[in-house]
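Here the protein sequences come in this chain order: A and B.
Residue 109 in the working numbering sits at position 109 of the first sequence, with consecutive numbering throughout.
The number in the working numbering is simply the position in the second sequence, starting from 1, with 1000 added.
Worth flagging that the hints you see were computed from the coordinates, not collected in a lab.
Be careful, since some hints might not be right.
Taking beta-carbon pairs under 7 Å as the criterion, some of the chain A residues facing chain B (in silico) [to be verified]:
#1 Phe66
#2 Ser85
#3 Arg132
Some chain A residues well away from chain B (every beta-carbon gap over 12 Å; in silico) [to be verified]:
#4 Arg3
#5 Leu5
#6 Ser7
#7 Glu32
#8 Ala67
#9 Ala70
#10 Pro91
Glycine is no exception: its CB is placed at the ideal position from the N, C-alpha and C atoms.
What follows is each chain in one-letter form.
2 protein chains.
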Amino acid sequence: MNRPLPSCELCTAAGGEILWQDGLCRVIQVVEPGYPAFCRVVWNAHVAEMTDLDASERRHLMRLVFATEAALRRHYRPAKINLASLGNVVPHLHWHVIARFAGDRHFPRPIWAEALRQEDAVIPDVTTETLRQAIIEALAEEDGGT
Amino acid sequence: MNRPLPSCELCTAAGGEILWQDGLCRVIQVVEPGYPAFCRVVWNAHVAEMTDLDASERRHLMRLVFATEAALRRHYRPAKINLASLGNVVPHLHWHVIARFAGDRHFPRPIWAEALRQEDAVIPDVTTETLRQAIIEALAEEDGGT
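Bound-form chain A, shown alone:
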């Protein structure tokens, strides 16, 4: 495994409240104004790209990304899920998993574009504990489903 990088914010801190983790990766809840249904799935070791992982590591990480998507869909019923692995500023492999709503600040634009409105959409209030449980259940369903 690559060594933690003292200058990397995803090597030195969790990056948010941890919803689920194993020895390889973690799901964290992101604090982003206007976007309460926003998680990140972070690979624990400091690697930059999906193709820096081997195929089984990639499947392990994507399984968690899709379980997080399923958990957000189940409890938020969003208009759309946005998935992105960018990392131009923090080149430590992490996925944004964002539930989007028709009235959110940027919809239908990506959240990185200029905002279209300042007021926030009405977004369901889902507890951290509910999300935690939903990720566990989605992972179990995925294991049963294939």
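For chain A, the structure is supplied; the task is to place chain B on it using the hints.
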């Protein structure tokens, strides 16, 4: 399989020059000023979300996304790869696979943010045929590597 939707631009047209395809999905080359190393991987059937696919379909699609990433990395040697499945405007499952360069119009911002510069980075000239071949080779390596 879901029926093609007459109003959906990814149901009614390829969306760009096809680099690779099978019965389920295709890789197309995107024409985007300033971003010559930009592909999309499109699921052929009209579904919106990754979790609308079953687990084996998801793996099939992601294998092609990562082969496309590997092909772009091999020939363009970018600063970073950006992967994104958004679809807020065209809710037909497709992945953006974008090679990013330190001097490109938005770097290190996402390409959907406001541009930081108008001039273009010096980006290697790679032929369509070279990319086609690189995707085939990356798929073959993935099959051999796991």
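The hints, checked one at a time:
1. Phe66: At 6 Å from the nearest chain B Cβ, phenylalanine 66 of chain A passes the 7 Å test, so the hint holds.
2. Ser85: Hint holds; serine 85 of chain A Cβ to chain B Cβ min 5 Å, cut 7 Å.
3. Arg132: violated, 18 Å
4. Arg3: Holds, since 21 Å exceeds 12 Å.
5. Leu5: About 16 Å separates leucine 5 of chain A from the closest Cβ of chain B, which puts it past 12 Å; holds.
6. Ser7: holds, 15 Å
7. Glu32: At about 14 Å from chain B, glutamate 32 of chain A clears the 12 Å cut-off, so the statement holds.
8. Ala67: Not fine: 9 Å to the nearest Cβ puts alanine 67 of chain A too close to chain B.
9. Ala70: Alanine 70 of chain A is in fact no farther than 12 Å from some Cβ atom of chain B, at 5 Å.
10. Pro91: Incorrect as stated: the minimum Cβ-Cβ distance to chain B is 6 Å, not above 12 Å.
Violated hints, listed in ascending order, are 3, 8, 9, 10; each of the other numbered hints is respected by the structure.
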